[in-house]
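Please dock the two separately framed chains into a single complex, following the hints provided.
If you're matching them up, the sequences are chains A and B in order. Start counting the first sequence at 737; every next residue gets the next number (the numbering used here). Start counting the second sequence at 178; every next residue gets the next number (the numbering used here).
To be clear, the hints were calculated from the coordinates, so they are not data collected in a lab. Quick caveat, the model's predicted, so the values are computed rather than measured. Some hints could be false.
Claimed, not checked - In silico lysine to any residue, SDA-like type, Cα no more than 20 Å apart, as pairs:
#1 A:K921 with A:K974
#2 B:K443 with A:R976
#3 B:K407 with B:S428
#4 A:K1118 with B:D449
#5 A:K1118 with B:T446
#6 A:K796 with A:K1122
#7 A:K974 with B:K215
#8 B:K215 with A:P1128
#9 A:K1122 with A:S1137
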Amino acid sequence: MEKFSLNWKIGGEAGEGIMVTGLIFSKACASLGYEVFNYAEYPSRIRGGHNCYQVKIQDKKPITAEYGIDILVALNKETIELHLNEMNSNGIIIFDSAIKDFDLNIPGLYPVPLEELAIKAGGKITKNNVAIGVCAGLIDMPYEALERAVKKAFKDKGEHVQKINIEAIKEGYYFAKNTQPDFFKIKMTNNTYAKKYVITGNEAIALGAVKAGLKLYAAYPMTPASSILHFLSPLERKYRIIVKHTEDEIAAILTAIGSSFAGIRSMAATSGGGFSLMTEALGMASITETPLVIVECMRPGPSTGMPTWTEQGDLRFVMHASQGDFIRVILTPGDVSEAYQLIQLAFNLAEKYQIPVILLSDKFLSESSESVDNLTQYDLPKERGKRLKDVPENFKRYDLSIEDGISWRAFPPSPNGMQLANSDEHDEYGLVTEEKDLRIAMVEKRMKRLESIKKEIPKPKIYGETDAEVSLIGFGSVKNPILRAMEYIKHENIKVNFLHCICPHPFVKEHYIDFVNNAKRLICIENNYFGQFASILQENLLIEIKEKLLKFDGRPFFPHEIVEYIKRRI
Amino acid sequence: MKDFPVYNTYQKPSWCPGCGNFGIWYALKAAFNELGFKNHDITMVFGIGCSGNLSNFLKVYGFHSIHGRTLPVATGIKLANHKLNVIATSGDGDGLGIGLGHFIHTSRRNLDITYIIHNNKVYGLTTGQTSPTSPKGFASKSTPFGVIELPVNPIALAIISGATFVARGYSGEIDHLTSLIVQGIKHKGFAVIDVLQPCVTFNPSYSYPFYNQRIYKLEDAGHDPEDFNKALALATENNNERIPIGVFYKSERETYEEASIELGDKPLTEDDIEDINIDEILEEIAT
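Next comes chain B alone, as it looks inside the complex (with noise of 0.2 Å):
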């Protein structure tokens, strides 16, 4: 495996041996060498959690966020300089738990973002909670007896909300994952990469062996991911011993950035706002 030190910080990842982050840390800076990025030609946000701690790996501009809400940080990052390579991550917990609110509205409105999910489908940094991708049946220290919630599906929520691009990683799978990432960041509009990620220490049953022997690769089974209707018969099929990655939908809509006239192609920050007349207003409300 090819590693890409120039994006490293001075701090090591202090992730578990064998974490699934790895996996999605060196696809990350697969993709962005791919790409030809300078570190200072990404923006990321990033979540609370173990997926949050990339955070402090990854040498570009970054901002970690509180749990849940990276989101709305990206989209603020977004609309204040639409020319910047936007690109969030967070957990399964974080994203789908107490932030699954801004998810749908990030797909709705389609921001030119990339959005990955690092999903262990388990709270790993609190010491193994269930997480809202847990199975049902799940036995976890907040559920000894089992989950009785059905998990959430972010594939078929990504497509049914407006994510033009959805598409699932393995982190077992780096060179896959890395082309699904440049695929993501290149695609304009709202991408959402869902990352099945193995957490060795909290979840082993979904670990490596688990996933290596289930998963199948979409292009090579033929899916094709402008089929609206195929994309989500897949997305929800029930089936726990093939599992799909690769690309499940993907769509052309207008960004909110287009829609939104008031950018056109200048970005925000380069507005000058020393001196700004609002005489127009004033007389709209004089005597």
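Bound-form chain A, shown alone (with noise of 0.2 Å):
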């Protein structure tokens, strides 16, 4: 295992900035060169009831969240009392001294003055600095670190904000380094600037799409996929991109596919209940072979479900959303960096096919933040398909003598372009048509196209040892967890191998037949009730899968949950 592990917590009311002072902590623990995962647990709502915000901090990947916490920062009383069973065995839990409504012969309590240290620094509102600084201090972490992530994070709320938060951090750091109790143990070695980006998977997604060339971002807000209109719609004018706020989620993909239409990419995003609304439309795309970027953030459903928490319960529902039969690509990304990677090859292929492309994304992923090094290295080179610049006379749209099925495209208002992009099956111009062979020529047109896309969707990921006694299976999200959960497994003399599927559908049986039928026991994991991906894998590749991990309860897979499930049951 590595050398530096440890796990953080900071809990208080929703309102108390708690998400804002986890993210600054795990940014100087990154700049350090250590690995973070920051997740977050809040409930629906703005203001109060129980927010907590967890930091990871390894010097090495894989990372994910994981239960068993080494420093919680209590804010309040509530936080203490709820995650009090979760605390390590020389944990330290962080709280105001001046809260003493409670047990303090709890193990592991530390003590801090914090608001009073706050007051000192320059008001009660940096006793969260405070709390960071003692945390700094308490695991030998340079101060320079925490004083850089500071500056940053406060680098446009003036002179005074920033600097009574650095005399914040100060007052907890110096604290901390003359009371700090001998049972911690927990201590930093490295000491050198790293730089780093911490950043969630929407806002991976958002990067890739701008540098994909996004030029139309329509959305509705829903969470978990709120953030990424956040990310965007400051980048409005440095970028070009038209950031639109639409009266609902049927508006956004419509005017995502208008766009697309006119030649420009573009891209909706949403969760379940949007994309819901926006099914009809899918299927608009699909029949005039309009390319389309969907982001689908899941959370646990049915209906409003629990709008916060994490699931993965809708790839049924994206596999098979909108009437009729018709191609679409999702991707699943399980990390930071493949969703980067993936929202760009969801663009290119939407253009080079002229096919809706969905990117199935979830709360975990969508919220949590994950440290990466080198983003641009994911680029993906762009692939823009078939665009005419020049049209030639008697322009077909849908021209149906062309090999692979995918005909060009011609933009308004290039002359001989004229075309009817029509929700109702047509000609080769697009015209309306109800006559048999041409449907059946039409359809096949389009279905062509498949072959095509099974070469070029991405293959799974094959993660382990290849004579594995134990082999998982997943898709999205799930990848951290079980790559966590492995590193633990090998201590075991447990061998174990994961196929981590990054896109579901088209099914490629080719993917998937050799690592199943080598499998020795299989067991497929994933966030929702009734275990669909291992139902899609059923029945493509004619097996039964005897044991499914499934979890739905809100949260994410934590590794020792796999661990304990493999160990049980060998």
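What follows is the structure, given as structure tokens:
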């Protein structure tokens, strides 16, 4: 295992700014070359209710949110009560010594006059930063690293705000240096600066889309997709991107389709509820062969479900949504770098094959942040497909004579390019037809693209040992928890491997068959009740998946749950 | 009546003989001719219904969208390339029933789009059910005992929602309608033209004789379209005996495209996306 591992958590009331504080602390750690993974739990309300933000810090990946806390920053009594049972032995609980109405004999308590130090620093509001200063002091983080992170976080807030927050971390840092208890042993050794990015899945999606040449983004706010909107909207002017908060999700997808018809790269994002509203238009993008990129960030359903929690329950839904037979591609990134890359692939596939491409994320991936070293190494060259500049006379937008089924696109106002993008079945110009031979020819033209698409969609990635006793399989955001669980399993002398699917649809049998056939004990791991991915494997591979590890409580898999499941059944 | 077959496709209209859609079809072509538009100068978005079938009879850049959803598609096209002449059409069921929300929001936005409502007060293509503009008491296949609700008022809605050119045409007065369409396209902003359009098959009581006896032209009546209050009073006048056609309301207001500073003079479609540098954003989020 790694040399350094710290699981840090801050808890308090919603509205106390704990997410910002957690992010600053994690960035300070990442700036020393550590890997970090941040995971937030919060209720669907703005004020009140318990919020917590968890940062895992290690000297190497794989990394994910884990159970077992080393440092708990408790901004209120409730945090101690709720998370006491998660404390590791020799873990430490930092709390404001002003809070006195609970059992002070709890092991690991480290009282700090947080509010008093905050007032000394310049204001009560800096309390959270006093707390991270204390943490930095406890773990021997070089002070400069935390100061750099705080400076950057408050750089647009004015000199005074920046100054009092720096004072606050200093107060906390030196308080810890002078008073720290002996029982806490986790200490950092890295002390040189490293440039890293700590970003969420949604930020990676937004960044990848900008890099891909996004020109119009249309969305209606919905957790956990809204942060894509928030990330992109300030970039409108600098990057010439129309970011449109439309009246509903129906307008969002149709605005994206209209602009794509006109020739630009556009995208819409939502969660399951909004995607429900988009389904009719999805088929329209398909029959008109208009490229379309949709991001669906899943949360537990059905209906409003649990808005701020995670689930992978929409896989079957996005696979089958909208009436009729048509081709779509579903991409399921497992981590931040895959999200950044696969959104770029989504644009390429959408334009090259003139199809809808859905990038399927979930709250766990979309809102958790992870450190990455160099994002641009994942950039993909752009493939824009068949776009005509000079359009010949008698242009046929849906030319049936083209062998691969991918006909040329022309854009208004190019002379000769007139066409009808028709939601009705149509002829080669796009004009309506109900004639049977033409109907068959058009369906076959559109379906012909499937063979080329299947050759191009990304293969699953296989991790671990070839002669494994246990083979795990899953899609999307289960990646990090599984890879981390595999690190633990290694030490139990159990050989494990893992197939991670990043494109569950269209299904390419050859991508899975060897792995599944060679598996001695196959376990499908996914965040839903039915085992939707397992059922897709079963129907396509004509096998029975006997073991499914399923979770649908709104929480992601924690590695120890996977480890325990594997060990329990061995 | 002069026709401009240069705008025709090979398909012949499938509307019933006497359908009001013919008048709108002719008026559109005459307007295109008057504006000097070549086929490729025109981008149109159509809905679903008898009005939407128009998509097959006009040789332009066309998008035949789904029911009720012409305006968001038109919005996307206009934002991608704000130099295009974008015209959206829809029926009363299409645009004022299922798509009513988009109508109000697009009016608020004031994009430079011309929107023509084929208003025959009935669902034609689904063979005669009540529509949002059917009068109270209208008996139809879906309301054999008469409609209970009041009708939607597209002119009043457009005026109060922020459309900057609001007119009513009549498909039995093709020259007048042509002039309204030309004015609507020339107008900088969201131009709404509600067209009274007889459905001779499913709503014969609102056919040509009904309208011919009742319509009068606002320009002849000395109406000042720049007077918001008078326009609204006229739009909400409950007089089934005298029906005004012409421009109800006209004003100047910044368009959505103009207010979107990022667009400037160059359409997004002309941007080179080959090499996009995101270093500045990365620097912002780096440790």
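The hints, checked one at a time:
no. : hint                 : verdict
1   : A:K921 with A:K974   : violated (48 Å)
2   : B:K443 with A:R976   : holds (10 Å)
3   : B:K407 with B:S428   : holds (13 Å)
4   : A:K1118 with B:D449  : holds (12 Å)
5   : A:K1118 with B:T446  : holds (16 Å)
6   : A:K796 with A:K1122  : violated (43 Å)
7   : A:K974 with B:K215   : violated (35 Å)
8   : B:K215 with A:P1128  : holds (16 Å)
9   : A:K1122 with A:S1137 : holds (15 Å)
Violation of the numbered hints given earlier is confined to hints 1, 6, 7; the remaining hints are satisfied by the structure.
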